[in-house]
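Take a look at the letters that make up each chain.
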Amino acid sequence: MQRRNVALSRGQIGQLGSIVGGLGLLIGLLGAIWQGGITPAVIGLLALGIVGLALWYSMTPQDVKAFVQGRQTRYSTLAFFSTLIMIGIVTLAYIFVRRESIIADSTTDYRFTLSPQTHDLLRQFERTPNRVEITAFYFATDVVNREIDDQYYQLYESASNGRVYRHLVDPVADPAFTERYKDILNQGIHVFVSYVDETDSIIPGTTIPVDLTDRQEYDLSQSLRQLLAAGRFKVYFDTGADEPDPTSNAQQGFSLINGYLRTNGIVTAPLNIANIAASQGQIPTDTAALVIAQPRRDFQPAEVAVLDAYLKRGGALFIAADAFLNNTPFLGAETSPFNAYLWNNFGLRMSNAIIADPASSLQTPLDVIGAAAYADNAIGRNLNIEGDPNSRTQFRITRAVEVDSTPPVTNGSVLMTTDKAWGETDLEALFSRSEYTFDPAKDVPGPLTLVAWAHNQQTNAKIVMVGDGDFMTNGMVSSPGGNALLVLDSIGWMTGYTEAVSFQPKAYQTVPMIFVGGQMLDQIAFFTLIIMPGLMFALAIGVYLRRTRR
Amino acid sequence: MRAIGFIVRRELGQYFASPLAYVIAAAFLILTGIQFNNDLALSITKRPVNPALIPDLLAQMLILLAPLLTMRLLAEESREGTIELLLTAPISDTSIVIGKFLGAWIYYTFLLLLTLPYQFILVNISSPDISHTFAAYLGIWLYGGATLAVGLMFSAMTENQIVAAFLSMITLMTLYLGESVGQIVANTDLAAFIFNLVLRGHYAPSFAVGVVRAEDIIYFVGMMTIMLFIAIRLLESRRWR
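Chains W and D, in that order, are what the protein sequence lines are. First residue of the first sequence: 5, per my numbering; consecutive thereafter. First residue of the second sequence: 13, per my numbering; consecutive thereafter.
Please keep in mind that the hints were generated in silico from the structure rather than gathered at the bench. Idealized CB from N, CA, C, for every residue including glycine. Some clues are possibly wrong.
Pulled a few chain W residues facing chain D out of the computed Cβ check, cut under 10 Å [as the list claims (entries may be wrong)]:
1. ALA108
2. ARG115
3. ASP153
4. TYR157
5. LEU275
Per the computed footprint, the stretches of chain D lying under chain W, defined by three or more beta-carbons under 8 Å from a beta-carbon of chain W, are [claimed, not checked]:
6. 70-79
7. 142-148
8. 153-163
Assemble the whole structure, with the sequences as input and the hints as a guide.
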């Protein structure tokens, strides 16, 4: 086998040295930038680069001199560095202008300009002891939305002089922090406002979620209002008459409603009216509203006295009563002293009739949706809105509420059945044999009231009465959303929470939808797809002909 | 300035004296017209019309349009040897590059103006947010200027028009796809940083939603300045290469 000798000239070795040297230095410098410092690998690459350059110089010193002093090198170096300087100038100008955040909002309704209402709201945070953090979660895939939303966060930060500041979180980069928000993030909410302590750590229990839509300012300001109101309203759940535990997450528990209230900054706690009555005490003075839901027995006169004292000083009572076949049913029509008290003082009472509504029902006529919602009051306006299935209410085995037409205070209905409904009075047949047919002699003809309200203008006592306790359990409030709305709006109306947190939005211009007929569409298509391009083609032909004639 | 004016007039003369300019305009109108009519049909009774529809569409079209408009500017002159005449004429390299760029930008502006009838139609059948539309048009006008500058830079780099068009298309595609950087980069801060480097990052969250930010204007003007500066240096390099 013949061996071939490979001969390398000094020039070739020098050329190799220049390549190795140049690449070594370049990769070394890039590595230093990438690593953010000098690492052993970077040192190795730089050393290799220097060795390569030294080899180049030692092998072909005249080439190195020509390279450094040559005309091409001089000009190209000048061009390279002048370009770098130009890039530097532009970058500096960009950074300076970006820092100044000069923007012009050209939208007709000034969507990217904070309204005077928001400025007023932000001034209130100058008096709060804690700063507010807008915590917003964005994945890398949401970068466009992040950039758009961040413009709003910056507006809040700037208008509040930093009292409200933003914290953009990458769930991938900060999984431990994200874990705390995991449940609500899964519901599609990714922005929150919270108070922070002096170390900028979020104060537990002060976080309000922001349901961010394309009306970012309204949504953010509304949530900031809720944050301002947080802790000012306390709602107690009675547990003294064997009602379900308000924190129970069982199907029959109230943990979801409890959670919704807390999410809105309302403090909730259990309360035992029976114990208060036994100790001749009173309902706590910090009570914004008292919820009596699904009691298993009726209230004793001593408990009624406690509630009377509470209502006389302007209390708010939310009553959700189920039908039970026992000797002392809660608010039994004939037997209950509390039912009589409510009728005499507020013109409302619970009947023993169970509503069956063939015209507004689900599986059976006993599963009532509620046909008519009174939109003229604060409780009914968001319920059973046509075209919005999520506002639908749903009740199961519901007692009809009687509303006095000549009441001692103002009162009214919130939800009614259809006129096809009736109140079944034969509870024995209904519960034991599932039989219910309208008997004109005994049953109550519809329409019947499912939910009613009363307001004593003098004492400011407010009552909302619902003929069903199941409707606000965990199994009934998650979907559809009308049941939860009914509870939340009732609490909001009774406690004054709704007015406290309501944010008057600025007038957003609603761009009208287009209503044009098919003929008009055809005309537009003809003009834009035939006439306009046709004109250009005609011009092209004209130019072509003129040129060829020459 | 007179030299720049001379080059601009020469370029515009070349554009508008050629039937190709009008064929491009017709093709451009067919593409935008299809999108406009399609969006109109989808909007009827369902949603308000998008004020930035045409500018948004142009942001995509410019990936193809800008290289088409700029690929011949300097590459053709080099290939045909007419660049020598220009370089020996009493006109500076800066005037040549700026003049050619302005010529292309004016032609692009002409194309942009051709889409205004769509807005007149919308005004007659709806009440679109005109000032929002104006911001979007301003944005896409600057965006177009930046893409044309990129195309011109590549045209100055090579004598081959196809190579120039291909390189600028790849570059513009990369600068456009910055919006999708989150699909390949898991880190949000890095994705946001890259997004702020690319063309879409200075159009989509601002001009397209009706906000005119000084930083975006600086970005586009800066991009044009840098690209034209490099193009001038490349042209100048013919004298000492």
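- Do three or more residues of the region 153-163 of chain D come closer than 8 Å to chain W, measuring C-beta to C-beta? violated (count 0)
- Message: Three residues or more, CB to CB closer than 8 Å: is that satisfied between the region 70-79 of chain D and chain W?
- Response: violated (count 0)
- Minimum Cβ distance from ARG115 of chain W to chain D below 10 Å? holds, 7 Å
- Message: Restraint: TYR157 of chain W near chain D, CB-CB cut 10 Å. Satisfied or not?
- Response: violated, 13 Å
- Message: Does the closest beta carbon of chain D sit nearer than 10 Å to the beta carbon of LEU275 of chain W?
- Response: violated, 45 Å
- Item | Per-stretch coverage check for the region 142-148 of chain D, three Cβ contacts closer than 8 Å to chain W | holds (count 5)
- Cut-off 10 Å, beta-carbon criterion: hint that ASP153 of chain W touches chain D: holds, 9 Å
- Query: With 10 Å as the cut and Cβ atoms as the points, is ALA108 of chain W at the interface with chain D?
  - Reply: Hint holds; ALA108 of chain W Cβ to chain D Cβ min 4 Å, cut 10 Å.
In summary, the structure is inconsistent with hints 4, 5, 6, 8 from the numbered list given earlier, while agreeing with the others.
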